[in-house]
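Student: Residue numbers (my numbering), protein chains in the order written: chain A, 100 to 396; chain B, 100 to 396.
I should point out that these hints are in silico values taken from the structure, not numbers from a laboratory.
Please note that a few of the clues may not be correct.
Stated by the list, open to error - Under 10 Å between C-beta atoms, here's a sample of chain B residues computed to sit facing chain A: (1) I160; (2) A164; (3) G228; (4) R231; (5) G238; (6) V276; (7) T278; (8) V279; (9) D282; (10) G311; (11) N314; (12) S351; (13) A352; (14) Y354.
Please read all numbers here as calculations on a predicted model, not as lab measurements.
Note that the Cβ used here is the ideal one computed from N, Cα and C, for glycine as well.
What follows is each chain in one-letter form.
Number of protein chains: 2
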Amino acid sequence: MYRTLDDLVKKASEGKMGKVVLAGSEDREGLLALKHASEKGIGDPLLVGDSNVTSRLLEEISFDAEIIDARNEQTVAEEAVKAVSSSSHACLMKGRIKTSVLLKAVLNKEWGLRTGRLLSHVACLDVPGLDRLIFVSDGGMVVRPDLSQKVEILKNGVDLLQSLGYERPFVALIAAVETVNPDMPETTEAAMIAKMHARGQIRGCTVDGPLGLDNALSTVAAKTKGIESPVAGHADLLVVPEIHSGNFLGKSAVYLAEGVIAGLVMGAAAPIVIVSRADSERSKLASIAIAAVSASH
Amino acid sequence: MYRTLDDLVKKASEGKMGKVVLAGSEDREGLLALKHASEKGIGDPLLVGDSNVTSRLLEEISFDAEIIDARNEQTVAEEAVKAVSSSSHACLMKGRIKTSVLLKAVLNKEWGLRTGRLLSHVACLDVPGLDRLIFVSDGGMVVRPDLSQKVEILKNGVDLLQSLGYERPFVALIAAVETVNPDMPETTEAAMIAKMHARGQIRGCTVDGPLGLDNALSTVAAKTKGIESPVAGHADLLVVPEIHSGNFLGKSAVYLAEGVIAGLVMGAAAPIVIVSRADSERSKLASIAIAAVSASH
Numbered sequence: 100m101y102r103t104l105d106d107l108v109k110k111a112s113e114g115k116m117g118k119v120v121l122a123g124s125e126d127r128e129g130l131l132a133l134k135h136a137s138e139k140g141i142g143d144p145l146l147v148g149d150s151n152v153t154s155r156l157l158e159e160i161s162f163d164a165e166i167i168d169a170r171n172e173q174t175v176a177e178e179a180v181k182a183v184s185s186s187s188h189a190c191l192m193k194g195r196i197k198t199s200v201l202l203k204a205v206l207n208k209e210w211g212l213r214t215g216r217l218l219s220h221v222a223c224l225d226v227p228g229l230d231r232l233i234f235v236s237d238g239g240m241v242v243r244p245d246l247s248q249k250v251e252i253l254k255n256g257v258d259l260l261q262s263l264g265y266e267r268p269f270v271a272l273i274a275a276v277e278t279v280n281p282d283m284p285e286t287t288e289a290a291m292i293a294k295m296h297a298r299g300q301i302r303g304c305t306v307d308g309p310l311g312l313d314n315a316l317s318t319v320a321a322k323t324k325g326i327e328s329p330v331a332g333h334a335d336l337l338v339v340p341e342i343h344s345g346n347f348l349g350k351s352a353v354y355l356a357e358g359v360i361a362g363l364v365m366g367a368a369a370p371i372v373i374v375s376r377a378d379s380e381r382s383k384l385a386s387i388a389i390a391a392v393s394a395s396h
Numbered sequence: 100m101y102r103t104l105d106d107l108v109k110k111a112s113e114g115k116m117g118k119v120v121l122a123g124s125e126d127r128e129g130l131l132a133l134k135h136a137s138e139k140g141i142g143d144p145l146l147v148g149d150s151n152v153t154s155r156l157l158e159e160i161s162f163d164a165e166i167i168d169a170r171n172e173q174t175v176a177e178e179a180v181k182a183v184s185s186s187s188h189a190c191l192m193k194g195r196i197k198t199s200v201l202l203k204a205v206l207n208k209e210w211g212l213r214t215g216r217l218l219s220h221v222a223c224l225d226v227p228g229l230d231r232l233i234f235v236s237d238g239g240m241v242v243r244p245d246l247s248q249k250v251e252i253l254k255n256g257v258d259l260l261q262s263l264g265y266e267r268p269f270v271a272l273i274a275a276v277e278t279v280n281p282d283m284p285e286t287t288e289a290a291m292i293a294k295m296h297a298r299g300q301i302r303g304c305t306v307d308g309p310l311g312l313d314n315a316l317s318t319v320a321a322k323t324k325g326i327e328s329p330v331a332g333h334a335d336l337l338v339v340p341e342i343h344s345g346n347f348l349g350k351s352a353v354y355l356a357e358g359v360i361a362g363l364v365m366g367a368a369a370p371i372v373i374v375s376r377a378d379s380e381r382s383k384l385a386s387i388a389i390a391a392v393s394a395s396h
């Protein structure tokens, strides 16, 4: 569907301008990312944080945006979350605030963005050698998912891809081997989830697993190993067994393959952008773009 | 030390010509790999298997080598292992034989290649964007290592690197995060192993962990995150938490980064080459070269 993150940035710049609410706006890097997004026509920034500090930073980087003044982390989180839930097509972005404080507000039962779904991280890998974007989940949030949580992770990923315009994404549950090995729960759980899909318990996508990374991505590799699967060679979304394997895979896109990785948190009523200082400018812009396209759906 | 696998192939072609013993020589692809190695001046092939079938295959591919006739898998494994142990600087290579049968012979107490050490897989990644080879263990053999097994995996990897000429390899125990998180045994065990190294329980290398893939490989990433570590940015060997994460990392070198991966099994009295049908010619040649250099040490 999308070949590169630039395609997604382009799509975002053509879409509806939902609010991007920055929680903890005393954050020079976050503001710069929002400025870059604005310059591309992506998102309508709304800043929540200390208005004095924020104004000074805005002046420094020659940018302007509406500020909601809030002085402590809890208030910042609450105001930001409320601003997102009261606005259509909005998304939330983490600024200078603890992730735990922000997510607690997201999950607030009265005024939060709670949906009853698990929150999970979806990474998006743009690698020069590949003909399409590859999504990976969960390498950033759920440490050691059980079977039900893996299904939730899969559904959140499919929701994201559908909101980006993928009609029926291909999902591979990947493991070190593509055979079902009773001594590797990573493979047995993949088999169970593939069967859940076959029985209609998971809809809107095509699922198979266990598959290896090689045969999930490459039809040649699948052919060499004699693997018959509608997903083999076509995977859009890779569901990984746990956080470390997904994290390495995502980082390998940057540190081995000279690509770019973007990402966001799904499962709440609005997408949540959590960028890190170590992310490149391109990565931050792409994360905001993905959230904006997804929120405008 | 080595920039690419080609450097290792070159080094192998200049070294001593130890025997490369192919167990199960009715294996056209294995014979072709040995032929290519021979053409580069790497290894003195010794074939163990059905001599009729093997001779026919040799004729087909225009290659010649000594054959030890053996007709069933157990005998093939035994003869091959004995040929390796009775010869200096030899290594073993898996041909058309079940891995389990071959490894059982390797571990035989009377005539095997047993050392008391754990057998573990070490992958070697050659990625265009990196300035050096990166070794990863264990993404191919030990499924879910405990603390002691991780130490053995680390030691086997260091043994390999030292045999290739690395005086004091840099070892990173990698995880999704570089902080010690009590809820992630991957990080606590990395911390324990790093301290074992600090106390002199692990020698001949420089060890640190937990480190992220980013800060293990990139000094810039380490600096951004404020990580002070002698290993950060310089890792030669990445010790991964378990098989899936290591497997994805290895495969990402090929399927994301357009690189080459080679590998072998360490921990026995001689290196063991286990190539798979899906490996490229370059990969097979490099695996034989690594084993040959290591065995000639």
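Student: Could you run down the list of hints and mark each one as holding or not?
Tutor: Here's how the hints hold up against the structure:
no. : hint : result
1   : I160 : 20 Å, violated
2   : A164 : 26 Å, violated
3   : G228 : 4 Å, holds
4   : R231 : 12 Å, violated
5   : G238 : 7 Å, holds
6   : V276 : 8 Å, holds
7   : T278 : 13 Å, violated
8   : V279 : 14 Å, violated
9   : D282 : 7 Å, holds
10  : G311 : 7 Å, holds
11  : N314 : 9 Å, holds
12  : S351 : 4 Å, holds
13  : A352 : 6 Å, holds
14  : Y354 : 5 Å, holds
Hints 1, 2, 4, 7 and 8 from the earlier list are contradicted by this structure; the remaining hints agree with it.
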